[in-house]
Amino acid sequence: MKTRVFVTLKNGVLDPQGKAIHHALEGLGFAGVNDVRAGRLIEIDHEPGVSNTDLEAMCRKLLANMVIENFEIEQA
Amino acid sequence: MRAAVIQFPGSNCDRDMAVAIREITGADTSLVWHRETSLPERLDLIAVPGGFSYGDYLRSGAMAARSPVMQAVVEAAGRGVPVLGVCNGFQILTEAGLLPGALMRNASIRFVCRTVKLTVENSQSIFTGGYNAGEEIRIPVAHHDGNYFADDETLDRLEGEGRVAFRYAEPVNGSARNIAGLLNDTGNVLGMMPHPERMIEAVHGGSDGRRLFASLIREIA
Chain V
26 MKTRVFVTLK
36 NGVLDPQGKA
46 IHHALEGLGF
56 AGVNDVRAGR
66 LIEIDHEPGV
76 SNTDLEAMCR
86 KLLANMVIEN
96 FEIEQA
Chain Y
6 MRAAVIQFPG
16 SNCDRDMAVA
26 IREITGADTS
36 LVWHRETSLP
46 ERLDLIAVPG
56 GFSYGDYLRS
66 GAMAARSPVM
76 QAVVEAAGRG
86 VPVLGVCNGF
96 QILTEAGLLP
106 GALMRNASIR
116 FVCRTVKLTV
126 ENSQSIFTGG
136 YNAGEEIRIP
146 VAHHDGNYFA
156 DDETLDRLEG
166 EGRVAFRYAE
176 PVNGSARNIA
186 GLLNDTGNVL
196 GMMPHPERMI
206 EAVHGGSDGR
216 RLFASLIREI
226 A
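If you're matching them up, the sequences are chains V and Y in order.
Numbering-wise, the first sequence is residues 26 to 101 according to our numbering.
Numbering-wise, the second sequence is residues 6 to 226 according to our numbering.
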């Protein structure tokens, strides 16, 4: 069973990497891009017995830093 | 005096840290591997050194903060044992929850490697007693993720409680309120991005880092 975890920076947290990507896109001539925020996708292959509560605990304890990041769990 | 320097895979300032501690404090200093579940007894100082533990995978310091030895470090910190985290060590201490906030990618997105001016903000701590409040000192930095972040409420509280130990005299990496070094609420844990262990004798271009270690002898011995 596969679950995808999306880790993104909280609103209001400055994202220098997103800014650099944004500038690079503009440098390549892509117009109309208002903002870019970079995040991380983590795919977890696990047994069906791993509960949503377990997955949330994984996110809180390791996968996301709750000071600066949010997470979203998407079951395949 | 007895000290331990924690080694993670990817630490690269562990030996420099051990040399600085031994030379300046005379402490019996041991290197402790991250897989250990306990620390040597009767420690007067634990140092979490700089480097790129676990290749900075996931987030700088994130993997190291969950390694077995860090539970023992957190427990020791709770008992009041002084803990010094430098650079990657600072990142590890925030990831382990010993210090508030987080260290993010430098605002410039560039690795910053140079000697910077710091202002000593708090000269009352066990780590900074050898400095004068407001004094300007020179200490090198070498990091990619030194941009300190905490929400405004936390920052106001930290400032109000005198927990900002060092501030960059000029912007270096985008850190909130130019914070370079931070104390925990009981004052026995210090995290800082600049490397005091790299500025301890004339051949380093200065010795302003020396007094940080010297302060500890006076407090502990």
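For the record, the hints were derived by calculation from the structure and aren't laboratory data.
Please note: incorrect hints may appear among the correct ones.
[Unchecked claim] In silico negatives: residues of chain V with every beta carbon more than 10 Å from chain Y: (1) L50; (2) G52; (3) F55; (4) A82; (5) A101.
[To be verified] These stretches of chain Y come out as covered by chain V in the derived footprint (C-beta under 8 Å, 3 or more residues): (6) 64-72; (7) 96-109; (8) 149-156; (9) 208-221.
Note that beta-carbon positions come from the ideal geometry of N, C-alpha and C, so glycine has one too.
Hint check results:
no.: 1; hint: L50; in the structure: 15 Å, holds
no.: 2; hint: G52; in the structure: 14 Å, holds
no.: 3; hint: F55; in the structure: 19 Å, holds
no.: 4; hint: A82; in the structure: 13 Å, holds
no.: 5; hint: A101; in the structure: 22 Å, holds
no.: 6; hint: 64-72; in the structure: holds (count 3)
no.: 7; hint: 96-109; in the structure: holds (count 6)
no.: 8; hint: 149-156; in the structure: holds (count 3)
no.: 9; hint: 208-221; in the structure: violated (count 0)
Consistency note: the structure conflicts with earlier hint 9 alone.
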